[in-house]
Amino acid sequence: MRWTKSMNENALRAYYRAKGEETVGIAYRARMHCFFAELEPSIPVTEQNLADRVRYIMRSKIFDDAELERLRREAIPSSNESAMAGDATDQHPHVEAAMDLPVVVDSNDDEMVSHELKQMRSILEEAILETQF
2 MRWTKSMNEN
12 ALRAYYRAKG
22 EETVGIAYRA
32 RMHCFFAELE
42 PSIPVTEQNL
52 ADRVRYIMRS
62 KIFDDAELER
72 LRREAIPSSN
82 ESAMAGDATD
92 QHPHVEAAMD
102 LPVVVDSNDD
112 EMVSHELKQM
122 RSILEEAILE
132 TQF
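Residues 2 to 134 in the working numbering are what the sequence shown lists, from first letter to last.
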């Protein structure tokens with residue numbers, strides 16, 4: 002099968018959407034595969050093939066940085082809103098949102114705490130990235 006530009010774009014959209022705001026994640030492949038199937042229902046591709054294709058696209062620089070950023074913004078609406086804001090004062094709500102997340106430590110809620118910590122980390126990393134650009 003020959004991958005078209007549109008298919009490559011949809012593969013990256015599915016990748017960015019599956020990864021969400023995370024910068025580190027390991028359980029994204031199944032979500033990415035489902036998202037890609039929504040975008041390209043007529044293309045039968047395995048999770049492994051799709052993951053390999055995304056890795057190839059990223060390494061081979063098929064798309065320049067501006068195109069990658071555009072695809073990421075299309076896939077992740079909240080990153081689009083943040084990028085549109087462009088104002089340093091608008092970046093502080095991200096940090097405040099991370100600080101407002103409740104962290105309740107209970108031996109039965111380890112998974113919930115872990116999820117909340119990942120969510121806070123993701124929000125803070127996004128705020129850091131925005132201030133760097």
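Hint data in this document are derived by calculation from the structure and do not stem from the laboratory.
Certain hints may be false.
[Unchecked claim] SDA-like, lysine to any residue: derived pairs with alpha carbons at most 25 Å apart:
no., residue 1, residue 2
1, Lys-62, Val-46
2, Lys-6, Glu-70
3, Lys-62, Glu-131
4, Lys-119, Lys-62
5, Lys-119, Cys-35
6, Lys-119, Val-46
7, Lys-20, Ala-31
8, Lys-20, Lys-119
9, Lys-62, Arg-122
10, Lys-20, Asn-50
11, Lys-20, Ala-128
12, Lys-20, Arg-122
13, Lys-6, Ala-52
14, Lys-20, Ile-77
15, Lys-119, His-34
16, Lys-62, Leu-72
17, Lys-20, Thr-132
18, Lys-119, Ile-129
Evaluated hints:
1. At most 25 Å may separate the alpha-carbon atoms for a hinted pair to count; Lys-62 and Val-46 meet this at roughly 22 Å.
2. At roughly 16 Å between alpha-carbon atoms, Lys-6 and Glu-70 fall within 25 Å of each other, so this suggested pair holds.
3. Restraint check for Lys-62 and Glu-131: satisfied, since their Cα atoms lie roughly 23 Å apart, inside the 25 Å limit.
4. At most 25 Å may separate the alpha-carbon atoms for a hinted pair to count; Lys-119 and Lys-62 exceed this at roughly 29 Å.
5. Using a Cα cut-off of 25 Å, the hinted pair Lys-119 and Cys-35 holds, with the two alpha carbons roughly 23 Å apart.
6. Between Lys-119 and Val-46 the CA atoms are separated by roughly 30 Å; this puts the pair beyond 25 Å, and the hint is violated.
7. Between Lys-20 and Ala-31 the CA atoms are separated by roughly 11 Å; this keeps the pair inside 25 Å, and the hint holds.
8. For a cut-off of 25 Å, the pair hint linking Lys-20 to Lys-119 stands: about 13 Å separates their Cα positions.
9. With a CA separation close to 28 Å, the supplied pair Lys-62 and Arg-122 exceeds the 25 Å bound.
10. With a CA separation close to 17 Å, the supplied pair Lys-20 and Asn-50 stays within the 25 Å bound.
11. For the proposed pair Lys-20 and Ala-128, the alpha carbon gap of about 17 Å is at most 25 Å, so the pair holds.
12. For the hint linking Lys-20 to Arg-122, the alpha-carbon distance of about 14 Å falls within 25 Å, and the restraint holds.
13. Simply put, Lys-6 and Ala-52 have alpha-carbon atoms about 16 Å apart, close enough for the 25 Å limit, and the pair holds.
14. A distance of roughly 9 Å separates the Cα atoms of Lys-20 and Ile-77; the hinted pair therefore holds under the 25 Å criterion.
15. A C-alpha spacing of about 22 Å is found between Lys-119 and His-34, which places the hinted pair at or below 25 Å, so the restraint holds.
16. Distance hint between Lys-62 and Leu-72 is fulfilled; the C-alpha atoms sit about 14 Å from each other, no more than 25 Å.
17. For the hint linking Lys-20 to Thr-132, the alpha-carbon distance of about 21 Å falls within 25 Å, and the restraint holds.
18. The suggested pairing of Lys-119 with Ile-129 holds, with an alpha-carbon distance near 15 Å, which does not exceed 25 Å.
When held up to the earlier numbered hints, the structure conflicts with 4, 6, 9 and fits the remainder.
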